[in-house]
Amino acid sequence: MAALPAVSTLVAFQVLRRSSDYAIARPTREVLYTVVPREDRYKAKSCIDTVVYRGGAQIGAWTYALIAMTGFGSTLMAAIAIGLAALWLINGLWLGRRQTLLAGREG
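Those letters in the sequence shown? Residues 1 to 107, per the numbering used here, in order.
Derived from the structure by calculation, the hints contain no laboratory data. Yeah, the Cβ is synthetic: ideal placement off N, Cα and C, and Gly gets one too. No false leads were slipped in.
Straight-line alpha carbon distances no greater than 20 Å define the calculated DMTMM-like cross-link-like pairs of lysine to aspartate or glutamate that follow:
(1) LYS45 <-> ASP21
(2) LYS43 <-> GLU30
(3) LYS45 <-> GLU30
Cβ-Cβ distance ranges computed for the label pairs, FRET-style:
(4) THR75 <-> GLU39: 44 to 50 Å
(5) ARG38 <-> ARG98: 18 to 24 Å
(6) ARG38 <-> LEU66: 39 to 45 Å
(7) TRP88 <-> VAL11: 20 to 26 Å
Let the hints inform the model, and build the full structure from the sequences given.
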């Protein structure tokens, strides 16, 4: 979006994001729960669905409105999204290593 701010770019990235979410990200997230006791698994999934996803969506909407009020527009939003994606990548790598450690202790 920072390089080519257009609706077609947004549509292309949304299709890629959603298809990768259902094909890769969601099953990968479910694997993280295999080393968690059943009771904790259901509590964590409920908390993540309610607090993280819905709270994140609300914070994202507020952030969008705040950036739009500053007048910077989609270029700044794309730059912020790149930074957030980098943080999520680091978090995902850490979670993957942690899951491997926990799975090794179990087996």
